Every structure is written in C-alpha cells, then in structure tokens.
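> Given next are the chains, with one letter for each unit.
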Amino acid sequence: MKAKITVKDLEVFFDKNQVLRGINLSINKNMITGIMGPAGSGKSTFISILNKMLEFEDNVTIKGNVYIDGVDIINSDVDQVELRRKVGTVFAVPIPLPRSVFENIAYGPRLKGIKDRDELFTIVKESLEKAFLWDEMKDRLNTSALKLSGGQQQRLCLARTLALKPEIILLDEPCSGLDPISTAKIEDALSDLKKEYTIILVSNNTKQIARITDYSAFFYMGNLIEYGPTEKVFTYPANKKTEDYISGKFG
Amino acid sequence: MRIKPRIVDVFVRISLNLQAFFTVGILAVIVAIIFIKGSPYINLEFIISSPQDMGRHGGIFSTIVGTILLVLLSIFLATPLGVGTAIFLTEYTKESVFTKVIRFGVESLAGIPSILFGLFGFIFFVTKLKMGWSLLAGVLTTTIMILPTIIRTSEEAIKAVPRSLRIVSYSLSATKWETVKKVVLPSAAPGILTGVMLSVGRAVGETAAIIFTMGSSLRMPLSLMDSGRTMAVHFYILAREGISMENAYATALILVLSILSINILAYYIMNRVISKFS
Amino acid sequence: MKEYFVKYMLMAFALSSLFFLFLIFIFILFEGLPLFHKAGLKHIILGSKWAPTKGSFGIFPMIISSFLVTFGALIIGGPMGLSCAIYLSEYSGKRMKMFLKPALELLAGIPSVVYGFLGVVYIVPLVRDYFGGPGFSLLSTSLILGVMILPTVISISFDALMSVPKTYREGSLAMGATKWQTIYKVVVPSAKSGILASFILGMGRAIGETMAVIMVAGNALRTPLSILDPLRTLTSNIALELAYASGDHRLGLFSTGVVLLIIIMILNYIANFGIKKGS
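Residue numbers (the working numbering), protein chains in the order written: chain X, 1 to 251; chain R, 252 to 529; chain V, 530 to 808.
If you are wondering where the hints come from, they were derived from the structure by calculation, not from laboratory data. Bear in mind that the values here come from a model prediction, so they are computed numbers and not experimental data. Accuracy of the hints is not assured; some may be wrong.
[What the hints assert, rightly or not] Below, in silico cross-link-like pairs of lysine-lysine (DSSO-like), each with a Cα-Cα straight-line distance of 30 angstroms or less:
| hint | chain 1 | residue 1 | chain 2 | residue 2 |
| --- | --- | --- | --- | --- |
| 1 | V | K531 | X | K52 |
| 2 | R | K427 | V | K531 |
| 3 | R | K255 | V | K714 |
| 4 | R | K345 | X | K112 |
| 5 | X | K4 | R | K345 |
[Unchecked claim] Computed footprint of chain X on chain R, listed as stretches where at least three residues anywhere in the stretch have a Cβ under 8 angstroms from a Cβ of chain X:
| hint | region |
| --- | --- |
| 6 | 434 to 442 |
| 7 | 466 to 478 |
[Stated by the list, open to error] So, partial list: chain V residues that the calculated Cβ filter (under 8 angstroms) puts toward chain R:
| hint | residue |
| --- | --- |
| 8 | H566 |
| 9 | G638 |
| 10 | V642 |
| 11 | V643 |
| 12 | G737 |
| 13 | M740 |
| 14 | I793 |
Note that beta-carbon positions come from the ideal geometry of N, C-alpha and C, so glycine has one too.
Take these sequences, add in the hints, and give me the full structure.
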C-alpha cells in the first residue's frame with residue numbers, strides 16, 4: 001500500500017482561532033478515504049488545504065507539513081495551477097459555470113491550452129462517461145448547464161473535475177443537497193473511479209462513509225480522533241466519541 | 252382642533268401621489284413639447300444634409316457625424332480604463348488606504364462639473380499640448396468626464412457576480428486573470444454595458460466641456476485634429492443666437508430621442524440582469 | 530509573468546483617475562492662482578466689479594449668485610425630490626415602481642441645453658408676465674435647476690430610505706402608528722444622513738450647472754436684490770467669456786474656476802465622506 005498524501009503536525013488558525021490541531025495521517029492511493037465529523041470539526045478546512053484553496057480566506061495561518069507525492073505543498077513553492085490540476089475538487093453545492101455542458105467540462109482542458117475540437121470532445125465524452133452522465137447528456141451538450149437538475153449538475157461538476165485529469169479528487173459533502181437516487185449515482189461513479197484516482201470524501205452522512213469508503217477518519221473540534229480501515233472504525237471504534245458519532249448520538 | 256391621524260394619512264398619500272406623477276409629468280411635457288415643435292421639420296433631408304448659412308438652412312449631418320465620432324472614440328478609450336479600474340478595485344486588492352485613495356479620486360472626478368472639464372481641456376489639451384480646437388481634445392476631455400460613471404457601474408456589476416463562480420474557476424486550475432476574463436467579465440458584461448450606455452447618453456447631451464475643446468466648426472471633422480460640432484453644441488448655438496427656431500427644435504428632437512432611446516435600452520438591459528440574478 | 534503584468538497594468542488604469550484629477554487641479558490652479566497673487570485675494574473674492582479688461586476681477590456677486598440659485602434649486606427640488614423618493618419607497622406598488630423609477634431617472638438624461646432652451650421659451654416669459662421684471666431671473670433659474678436636481682435627490686434619497694430595515698417600520702406600525710406617522714417619525718429620521726447627502730449632491734449639481742443657467746439667468750453683472758433680478762453665476766462667467774478671453778482676462782476666468790472647484794470639492798467631501806451614509 002502506497003501513501004499518496006502524508007500529513008504531519010498540521011495546525012490551522014483563522015485569526016487566533018485554532019481550527020485544526022496537530023493532524024497526522026497518511027492517505028492511500030487508489031482508495032476512497034472518508035472524512036466525517038460534526039459541523040465545525042475542521043473537515044472542510046482540512047481538504048481545502050490539499051489544493052491550496054484555503055488561501056482565499058482572510059488571515060489564515062497554516063503550520064506543519066503536507067506531502068503530496070513526497071512534495072511539501074505548504075512549505076515549498078508549488079505552482080498552484082499545477083497543484084489544482086493534480087488535485088481536483090467537487091463542492092457541496094453544484095456550481096455550474098453559466099455556459100453550456102460542453103464548455104463547462106472543456107473549461108479546465110482549454111486552460112491547459114487544448115484547442116483542438118476533436119481532442120476536447122474526446123475528453124468531454126470520457127469525463128461524462130466516468131461520471132455516469134454521458135447517456136443523459138450526449139444530445140444536450142450545447143444546452144446551458146444551468147438548466148440541468150441538481151443531481152445532473154453535481155455529476156457534471158464531477159465530470160468537470162475529471163476533465164482536469166487529476167490524480168486526487170476531493171469531494172466536500174457532494175451529496176448533501178441531493179435525493180437518494182442521485183446520491184446512489186454519484187456513489188456508483190466514485191466506487192468505479194477509485195481504480196484510477198485517490199479519492200477523499202467529506203461527508204456528514206456516516207452511512208455513506210460506511211458504504212463506499214475504504215479508510216475513514218473522524219474529526220472532532222479540530223482534532224483527528226480516529227483513523228483506520230472503515231470496517232474497523234465502524235465495527236470496533238477505539239474511541240468512545242467515534243462510537244457515539246457513528247451510532248448517531250450527536251452530529 | 253386636532254386633525255385625526257387617519258385623515259392626515261389619506262391626505263399625505265394623495266399629496267405624495269400627485270407629486271410623483273407631477274414629476275413624471277415634467278418629463279412627459281418636455282418630451283411632448285420637443286416632439287410637437289420639432290417633428291414637422293424633421294425629414295430625411297434634414298438628417299443627411301449638412302448645415303448651411305450657420306445652420307439657418309440645411310440639415311445637421313455634419314453634427315451627427317461629429318457626435319458619433321466624439322462619443323465612439325471616447326467610449327473606446329474610457330471603457331478599457333474604467334473596466335480595468337473596476338477589476339483592479341474588486342478583484343486585485345483588499346479594501347485599504349490605497350483603494351480608499353483611488354475611490355476618493357473617482358468620487359471627486361464624478362463631482363466635477365462639466366464646465367471645469369471644459370476649462371481644463373481648454374488649457375491642457377487645446378492650449379498647452381497645442382491640439383487646438385479639435386476632435387482629439389474633445390475626445391480626451393470627454394473620456395476623463397465619463398470615466399467615473401463607467402468605473403462605478405462596472406464595479407457594481409462585477410461585485411454582483413457570485414463569489415462561488417470565482418472559487419470554482421480557481422479550483423479548475425484557472426489563474427486570477429483567466430478567471431476574470433472567462434468567468435467574471437462575461438457574467439458582468441450586461442451591467443458594464445449599461446454603464447457604458449449611460450455614459451454615451453451623457454456624452455451625447457454634453458455641451459460645456461465640448462464647446463471649449465472640440466470647438467464648434469460646422470465643417471465635417473475628417474481627422475482627429477479637425478474641429479467639429481456635436482448636435483448638442485449645434486442646438487445650443489442655434490437656440491442661444493436665435494439662428495433658427497425651427498432647426499433648433501428639430502435638432503433638439505433628434506438629440507432627445509437618441510439620448511432617451513439609449514437610456515431606455517440601458518435600463519432594459521439592467522432590468523434583465525437584475526431578474527436573472529434574483 | 531503574465532499575471533504580474535496584468536496586475537500592474539490594471540493598477541496603472543486605476544491610478545489614471547487619480548492622475549486625471551491631479552492634472553485638473555494642477556492646471557486650473559496653475560492658471561488661476563497667479564491672479565490671486567497679483568490682484569489680491571480680497572480684491573477677487575470680495576470685489577464687486579468684474580471688468581477684466583480694465584483690471585477689475587471682483588467675483589463676489591457671482592459667488593453670491595451661485596449660492597442663491599443653488600439654494601433656490603434646493604428649496605424647489607429638495608422637498609419635491611424627497612416626496613417622490615418617499616412615494617417610491619413607501620407607497621408605490623412593485624409594478625408602479627418599475628415604471629416610475631426609470632421614468633424619473635430619464636429626467637437626468639435630458640441635456641442641460643434642452644432645459645435651458647425650454648426655460649427661455651416657457652419659464653422666462655411666464656415669470657415676466659406674472660411677476661414682472663425681465664423674466665431672466667433668480668426665480669426662473671431656480672425653477673429650472675430645481676427640476677434638474679430632482680433625479681439626484683430622488684435616487685440617493687430613495688436608496689437611503691430603502692436601506693432602513695423593515696423591522697423598524699413593522700415595530701412602529703405594531704404600536705398603532707399610522708403609516709405617515711411611521712414614515713416621518715421612524716423611517717425618515719433613520720435615513721436622514723442619506724437624505725442630507727442627496728441634498729448636498731443636488732447642490733453640487735446645481736452650482737456646477739452651466740448651459741441651462743446661461744440661457745435663463747440673464748447674466749447681469751451685479752448682485753441680485755430680488756428673486757426677479759437677473760444674475761450671473763461662476764459657471765456662466767467662465768462659459769460666456771472663455772472663447773475670446775486672453776491675458777489677464779483669461780486668468781481671471783481660471784480664478785473663477787478655482788473658486789468653483791474649491792466649493793465643489795467641499796460639497797462633495799461633505800456628501801461622500803463627511804456624512805456617514807446609512808447603509
């Protein structure tokens with residue numbers, strides 16, 4: 001088993017408010033790693049460090065090391081554009097850009113400088129297929145992405161991220177606004193995608209974490225309480241807090 | 252005797268109603284007078300032939316050309332400057348002393364009356380830079396004058412673009428400028444267009460700043476260094492010097508109609524944007 | 530590389546406004562100030578005789594006239610503009626607002642030369658026939674300017690009134706106040722700084738207006754003693770004589786510009802920064 005991401009003594013402050021406290025963990029390649037925890041536990045902050053999106057917030061201080069493929073992205077001068085191509089994100093709320101389905105997905109590849117229409121079409125098709133959306137979209141590539149249903153929009157956002165050809169995909173509660181059927185479609189897509197990608201899934205939904213992740217982490221008030229193979233975390237939680245959380249006593 | 256509050260209420264409601272409609276009535280009366288007095292003298296001949304005998308006879312073609320040249324060139328210069336300023340203020344800086352100083356500059360520029368722009372353009376462009384009364388001097392003066400309007404409307408349009416779109420664009424590996432170019436500006440374009448059109452309206456109707464910079468030659472301006480006359484200046488001279496009331500009214504009608512249609516179009520675009528975002 | 534280039538280019542664009550403002554100040558002051566030194570501040574500001582070709586540069590009557598027409602405009606346009614703003618924000622329905630607001634803003638698009646022209650043709654004779662005097666007068670000018678400042682007063686007051694929280698109104702109505710009592714005891718006082726700003730910006734508009742004023746004010750070179758007397762403002766003084774003035778005469782017009790510029794800057798400063806606009 002190979003670690004794709006290694007986090008050492010990570011601490012994050014918003015002003016003087018500490019939101020992550022001494023996080024240490026390794027995330028494996030070609031697996032889905034779930035991150036769960038109640039609101040305010042720091043889980044979203046954690047993943048927004050991995051592609052340097054946290055820098056759009058004001059007054060953030062980050063300490064510690066985060067290695068992706070052995071490169072410390074916190075303390076070395078990594079190119080943000082390159083990093084974001086390698087680490088793609090799907091947000092909680094689907095946010096389509098106000099343009100067509102095709103152009104939404106082609107946005108990233110075009111930024112890379114790909115102009116050839118056939119090449120773009122191939123990327124768009126592949127990405128939509130991987131997100132289980134091709135059949136629904138193949139005749140609607142030129143319709144505005146704003147006209148799709150919520151579930152379709154979220155899979156579009158997934159496809160758009162895949163079109164970057166990333167190695168790591170971050171998903172920040174991607175199903176929080178979706179109905180059970182749309183959620184199932186996304187989960188199917190993710191289980192299929194882990195063959196090629198390293199996936200990190202933040203979710204409030206413990207059942208979802210149990211269903212599709214291989215490893216899971218439990219965050220609580222900025223601390224990493226427990227981390228291990230999902231089966232073990234859910235059957236023999238080492239910590240009382242974890243047990244209370246997954247059994248639905250709080251959260 | 253104390254008047255009952257309920258009666259006062261009814262009285263106030265009626266009075267405010269009347270005042271609001273009286274004010275709209277002023278607009279209606281102005282437009283109506285200009286239309287009734289001007290329309291008999293307007294025909295194709297009036298529009299496509301140039302003025303003769305100081306404007307006593309003939310049409311207004313050269314002043315239409317003068318107006319269009321002045322406005323287009325000014326917009327061509329002021330739009331990139333204004334939109335660029337708005338992008339800088341909203342996307343590239345946080346609120347600081349520096350942005351406050353720039354905003355102070357923009358606000359102050361917006362408050363300067365057109366006669367002072369005329370005075371400045373006259374001494375700086377016409378005299379010191381030796382441009383003489385010319386289209387160029389008029390264009391540069393007008394550019395500075397309309398800049399604040401374009402900056403303010405563009406800034407509002409850019410601010411109305413949801414932050415989430417920018418975040419998504421960055422997450423898809425776009426740089427700041429790519430995000431501005433591909434996401435922010437296309438979404439803000441209708442709002443920016445509204446500002447540009449309001450500025451066009453202002454420039455078309457402007458007199459004081461233009462008469463001392465572009466001059467008032469009735470000949471067709473053929474180069475940047477030629478003097479020329481806009482419709483508004485032509486109307487002013489016809490009316491003030493009592494050259495021809497008929498032609499004054501006819502010029503006023505074309506002037507007012509063009510400004511009103513530009514402004515109405517601008518508000519129409521703005522309303523469509525508002526309903527799109529809400 | 531490209532990102533930095535873009536950033537600094539945009540910064541240069543943003544600085545251009547400041548640069549233009551600076552140029553305007555420098556050139557108007559540079560031309561206008563020497564005469565203050567030569568003829569004396571007191572001679573110019575307080576002198577009542579304007580005969581620039583004969584060495585008299587007194588602009589006191591024009592300063593007074595500028596303020597008189599401005600206050601006249603405010604007396605006419607202020608209350609009326611505020612009434613319209615109150616009607617728009619508190620009384621009119623949504624559909625009415627959609628019609629009225631743009632219509633009122635279109636008033637701002639009518640060029641000042643058109644206002645001036647209609648003033649000459651309709652207002653001046655009206656004043657002459659009903660009140661006497663030459664018709665070209667403080668009264669006519671105030672009437673025209675009063676209408677011209679309406680869009681400014683209305684739109685800024687309207688924004689101020691709209692920004693008063695709904696809960697203020699509901700609280701007052703719940704205590705049994707009528708709608709009008711609520712408006713003038715709660716809503717208007719809460720929006721008062723914004724309303725004040727709208728009046729001051731309206732004054733800025735009126736004092737800077739030129740072409741309309743030239744046409745209806747009569748441009749006489751003395752301090753008006755009644756509202757029916759003709760007068761000449763600072764702006765019209767510049768516009769009337771700039772085209773042919775030379776030498777000290779031209780410098781005198783720039784001195785007039787300096788005084789106008791200072792008055793305008795003070796008004797703008799008060800409206801934009803001195804008053805904390807309720808937002």
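> State for each hint whether it applies.
Against the structure, the hints come out as follows:
1. V/K531 - X/K52: 21 angstroms, holds
2. R/K427 - V/K531: 11 angstroms, holds
3. R/K255 - V/K714: At roughly 16 angstroms apart (the allowed maximum being 30 angstroms), V/K714 and R/K255 satisfy the hint.
4. R/K345 - X/K112: 29 angstroms, holds
5. X/K4 - R/K345: Violated. X/K4 to R/K345 sits at ~36 angstroms, over the 30 angstroms cutoff.
6. 434 to 442: With 3 residues in contact (Cβ-Cβ under 8 angstroms with chain X), the coverage given for the region 434 to 442 of chain R holds.
7. 466 to 478: violated (count 0)
8. H566: 18 angstroms, violated
9. G638: Holds. Min distance 5 angstroms.
10. V642: Holds - the Cβ of V/V642 comes within 8 angstroms of chain R, reaching about 5 angstroms at its closest.
11. V643: Check passed: Cβ of V/V643 comes within 6 angstroms of chain R, closer than 8 angstroms.
12. G737: It holds, given that the least Cβ distance between V/G737 and chain R is near 2 angstroms, below 8 angstroms.
13. M740: OK, holds: V/M740 within 8 angstroms of chain R, min 5 angstroms.
14. I793: 6 angstroms, holds
Violated hints, listed in ascending order, are 5, 7 and 8; each of the other numbered hints is respected by the structure.
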